[in-house]
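Each protein sequence line maps, in turn, to chains P and A.
Note that my numbering has the first sequence beginning at 1, numbered continuously upward.
Note that my numbering has the second sequence beginning at 1, numbered continuously upward.
Hints in this document: simulated from the structure, not taken from any laboratory.
Among the clues, some could well be false.
Identical copies look the same in the list; a pair holds intra-copy or inter-copy alike.
[Said to hold, decoys possible] In silico DSBU-like links for lysine-lysine, alpha-carbon gap of 35 Å or less: (1) K184 x K66; (2) K102 x K306; (3) K184 x K290; (4) K290 x K158; (5) K66 x K290; (6) K102 x K290.
Number of protein chains: 2
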Amino acid sequence: MNDGSKEDELVCAVDLGGTNLRAANIDRNGCLHERVRNSTPQSDKPEDVVARVAAAVRDCEAQALKRGARIQSVSVVVPGTVHIETGLVVNAPNLRSVQGYKLGPALESALHRPVLLENDANASALGERWQGAARGHHTIICLTLGTGVGGGIILDGKLWRGPDGTAGELGHTTVEPFGGAQCKCGNTGCLEVYASATAIVRLTRESLAQHPNSLLHSINATELTSERICNAAIAGDELALDVFQRAGVYLGIAMANFVNIFNPEMIVIGGGVSAAWEVFAQHARAEVRKRAFPVPAQRCRIERAKCGDDAGLLGAAWLALECGDSSPL
Amino acid sequence: MNDGSKEDELVCAVDLGGTNLRAANIDRNGCLHERVRNSTPQSDKPEDVVARVAAAVRDCEAQALKRGARIQSVSVVVPGTVHIETGLVVNAPNLRSVQGYKLGPALESALHRPVLLENDANASALGERWQGAARGHHTIICLTLGTGVGGGIILDGKLWRGPDGTAGELGHTTVEPFGGAQCKCGNTGCLEVYASATAIVRLTRESLAQHPNSLLHSINATELTSERICNAAIAGDELALDVFQRAGVYLGIAMANFVNIFNPEMIVIGGGVSAAWEVFAQHARAEVRKRAFPVPAQRCRIERAKCGDDAGLLGAAWLALECGDSSPL
Numbered sequence: 001m002n003d004g005s006k007e008d009e010l011v012c013a014v015d016l017g018g019t020n021l022r023a024a025n026i027d028r029n030g031c032l033h034e035r036v037r038n039s040t041p042q043s044d045k046p047e048d049v050v051a052r053v054a055a056a057v058r059d060c061e062a063q064a065l066k067r068g069a070r071i072q073s074v075s076v077v078v079p080g081t082v083h084i085e086t087g088l089v090v091n092a093p094n095l096r097s098v099q100g101y102k103l104g105p106a107l108e109s110a111l112h113r114p115v116l117l118e119n120d121a122n123a124s125a126l127g128e129r130w131q132g133a134a135r136g137h138h139t140i141i142c143l144t145l146g147t148g149v150g151g152g153i154i155l156d157g158k159l160w161r162g163p164d165g166t167a168g169e170l171g172h173t174t175v176e177p178f179g180g181a182q183c184k185c186g187n188t189g190c191l192e193v194y195a196s197a198t199a200i201v202r203l204t205r206e207s208l209a210q211h212p213n214s215l216l217h218s219i220n221a222t223e224l225t226s227e228r229i230c231n232a233a234i235a236g237d238e239l240a241l242d243v244f245q246r247a248g249v250y251l252g253i254a255m256a257n258f259v260n261i262f263n264p265e266m267i268v269i270g271g272g273v274s275a276a277w278e279v280f281a282q283h284a285r286a287e288v289r290k291r292a293f294p295v296p297a298q299r300c301r302i303e304r305a306k307c308g309d310d311a312g313l314l315g316a317a318w319l320a321l322e323c324g325d326s327s328p329l
Numbered sequence: 001m002n003d004g005s006k007e008d009e010l011v012c013a014v015d016l017g018g019t020n021l022r023a024a025n026i027d028r029n030g031c032l033h034e035r036v037r038n039s040t041p042q043s044d045k046p047e048d049v050v051a052r053v054a055a056a057v058r059d060c061e062a063q064a065l066k067r068g069a070r071i072q073s074v075s076v077v078v079p080g081t082v083h084i085e086t087g088l089v090v091n092a093p094n095l096r097s098v099q100g101y102k103l104g105p106a107l108e109s110a111l112h113r114p115v116l117l118e119n120d121a122n123a124s125a126l127g128e129r130w131q132g133a134a135r136g137h138h139t140i141i142c143l144t145l146g147t148g149v150g151g152g153i154i155l156d157g158k159l160w161r162g163p164d165g166t167a168g169e170l171g172h173t174t175v176e177p178f179g180g181a182q183c184k185c186g187n188t189g190c191l192e193v194y195a196s197a198t199a200i201v202r203l204t205r206e207s208l209a210q211h212p213n214s215l216l217h218s219i220n221a222t223e224l225t226s227e228r229i230c231n232a233a234i235a236g237d238e239l240a241l242d243v244f245q246r247a248g249v250y251l252g253i254a255m256a257n258f259v260n261i262f263n264p265e266m267i268v269i270g271g272g273v274s275a276a277w278e279v280f281a282q283h284a285r286a287e288v289r290k291r292a293f294p295v296p297a298q299r300c301r302i303e304r305a306k307c308g309d310d311a312g313l314l315g316a317a318w319l320a321l322e323c324g325d326s327s328p329l
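Extracted from the complex, chain P is given alone in its bound form (with noise of 0.2 Å):
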């Protein structure tokens, strides 16, 4: 069903990650082509940042060019706060040399194109739309569990950003008001700080002394993952199954709390830790039936992301489209 004409339009997505810099020539049906990996630059400069960007991007237009399609726009998302009018980075914990920063207007001088910026978070969940669990869908909220908890709400098709571009901090709302453990944001009882990676590694390393029968102890402590403790849950390690599900317990909360804001019709999990969605969704679900009003609860849908690691690229993708092309859906 490929119409070629339309295949030859490409859109160079860029997703610049914390750690990893990403990026690919993505077509009008969400086909992924040629692809660039690197490192994000560790440096202090954001015109390291922007050097790097630039490099990515001319090197998948130099591959597109070989056999002759070309690149119609550029797309980048960032871990962080974008203010989507002037391209400025208002906040990026992750990525602190771009905080502050007019990311937007610099690759546009490095690459003299226009350039889109989106937030990470937001970019996933209209790429879960266009192409992963959350197809055909048009309020959905979308929850990316990795070493944070990023958020992205799509209203009526449209994402909701806010004034300032600091809407859908989906992981810093409170779901354990005293006592909780500390958040990086500086707010106490996070979602984030009880069902991203980081929050499973600590939950584990919490209660290694309780369980002294669990596999983990033969994991040496500085190498405890998430994606291990992941394997140990799947393997029936109580420890881990028990970790998994005080996560789950609290995702549902939250969830619950979000079918109730929003009547949403889908709500898509993703990002690292939803690998062991099978251990702890049903805790999660159990969660929002309990606490969640009837109607909103049956119409939701609860879903693992669909995705990966793409669901940045692609919405990154789709929002440049949507901007040339009033309705690429």
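Starting from the structure of chain P, add chain A where the hints point.
Chain A alone, transformed into the frame defined by chain P:
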């Protein structure tokens, strides 16, 4: 600045509460003219409610006609979830007789004219935006602290109702996940069980024994109301101050969540309990500063509502005017 011809165009707005029924003719300038008050029928027959509302509208119409003014449209707010397209009352815990009833069509048959239906908290938010505390703002969260806690969400000037009309149940977001007080909705630890008028009375009763010197001991336990507790707080009573502090902290926890979720320009606090706003505002605001991200927290003004009991009537009127004219503001 009144325009005589415009002033003649009236909306008959009806606020159908669980106990009281209030109606008023409202002009395009937001002025309330003729008013009608009655009680809401306590029978289990929805037809009795329809008859009482229709009588109030006819009464308003007759009064308007005496001075040569015409009612152009009718708009009714109800204490429950409304499916706007069909006029069905999905859920109405405080007006069970109309729950599951197509109140919109029934009123249209009785009055031989179109009738708009809206949820009371949603209408209050619109009323505060049109004529109250949120004038000139586009993205507003409205909390009505009454018998329960109602919520209204206005994003970019548009009410967010959700696909089933159940969105905005901000009073039923969890602020105390474990061991919280039982809420009528089935959940425990909802904002409503800490910040409603009912909650103020319960929290006071629970703490009376610990405050033997409280002024509130002079009031018969069955006559304890949130108004009286508010007056005691203003008079410096320690127990009353403690109760409002706790309510303020929980309200602040919920509001910090809304700030991080929506990045609103404003949160408006209405309802009977807001009479004590000066007593608990500082605690609520401190919690928002402590928990929410700095940029959206600084953006968000948190103010007491200004329209009092008329907020719902005004919002109902605004909706009717908006339907007849695309730009009433």
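Consistency of the hints with the structure:
no.	hint	verdict
1	K184 x K66	neither (45 Å within a copy, 66 Å between copies)
2	K102 x K306	within (32 Å within a copy, 40 Å between copies)
3	K184 x K290	both (30 Å within a copy, 13 Å between copies)
4	K290 x K158	both (29 Å within a copy, 30 Å between copies)
5	K66 x K290	neither (57 Å within a copy, 54 Å between copies)
6	K102 x K290	between (45 Å within a copy, 28 Å between copies)
Comparing the model with each earlier hint shows violations of hints 1 and 5; every other hint is respected.
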